[in-house]
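Let the hints inform the model, and build the full structure from the sequences given.
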Amino acid sequence: MPKEFTYEIVKNIGVLSESTKGWRKELNVVSWNGGKPKYDIRDWAPEHDKMGKGITLNEEELQLLKDFIKGIE
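Per the numbering used here, the very first residue in the sequence shown carries number 1081; after that it's consecutive.
By construction, these hints were calculated from the structure, which means they are not laboratory data. Treat the hints with care, as some may be off.
[Unchecked claim] With a straight-line Cα cutoff of 27 Å, these simulated DSS-like cross-link-like pairs (lysine-lysine) come out:
no.: 1; residue 1: 1091; residue 2: 1146
no.: 2; residue 1: 1150; residue 2: 1118
no.: 3; residue 1: 1105; residue 2: 1091
no.: 4; residue 1: 1130; residue 2: 1118
no.: 5; residue 1: 1146; residue 2: 1083
no.: 6; residue 1: 1105; residue 2: 1118
no.: 7; residue 1: 1146; residue 2: 1133
no.: 8; residue 1: 1150; residue 2: 1101
no.: 9; residue 1: 1150; residue 2: 1105
no.: 10; residue 1: 1118; residue 2: 1146
no.: 11; residue 1: 1116; residue 2: 1105
no.: 12; residue 1: 1150; residue 2: 1083
no.: 13; residue 1: 1105; residue 2: 1130
no.: 14; residue 1: 1116; residue 2: 1146
no.: 15; residue 1: 1116; residue 2: 1101
Put into structure tokens, the structure is as follows:
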């Protein structure tokens, strides 16, 4: 039996893309299971009641990703 979990979207930063079915790839700040909020990139159903696989980053990881992206030419 899968373990239940909770989430709260603390802040929506932006939408990266949207599919023809209305799912949106978003950058949000999310608290998972009542934990410290982290940056999160994943696909969400229109009502945020379903989600796809994604990636969660803490502040340090987000800063490193930002630096990596800046270095792309």
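Going through the hints against the structure:
1. 1091 / 1146: holds, 19 Å
2. 1150 / 1118: holds, 21 Å
3. 1105 / 1091: Judged against 27 Å, a Cα distance of about 14 Å means the pair holds.
4. 1130 / 1118: holds, 19 Å
5. 1146 / 1083: Distance of about 33 Å is beyond 27 Å: violated.
6. 1105 / 1118: holds, 16 Å
7. 1146 / 1133: holds, 21 Å
8. 1150 / 1101: Violated, at roughly 32 Å.
9. 1150 / 1105: Given pair residue 1150, residue 1105 holds - Cα atoms ~21 Å apart, limit 27 Å.
10. 1118 / 1146: Cα-Cα ~15 Å, so holds.
11. 1116 / 1105: Given pair residue 1116, residue 1105 holds - Cα atoms ~22 Å apart, limit 27 Å.
12. 1150 / 1083: violated, 38 Å
13. 1105 / 1130: The given pair, whose Cα atoms are some 12 Å apart, holds under the 27 Å limit.
14. 1116 / 1146: holds, 21 Å
15. 1116 / 1101: violated, 31 Å
Checked against the numbered hints given earlier, the structure breaks hints 5, 8, 12 and 15 and satisfies all the rest.
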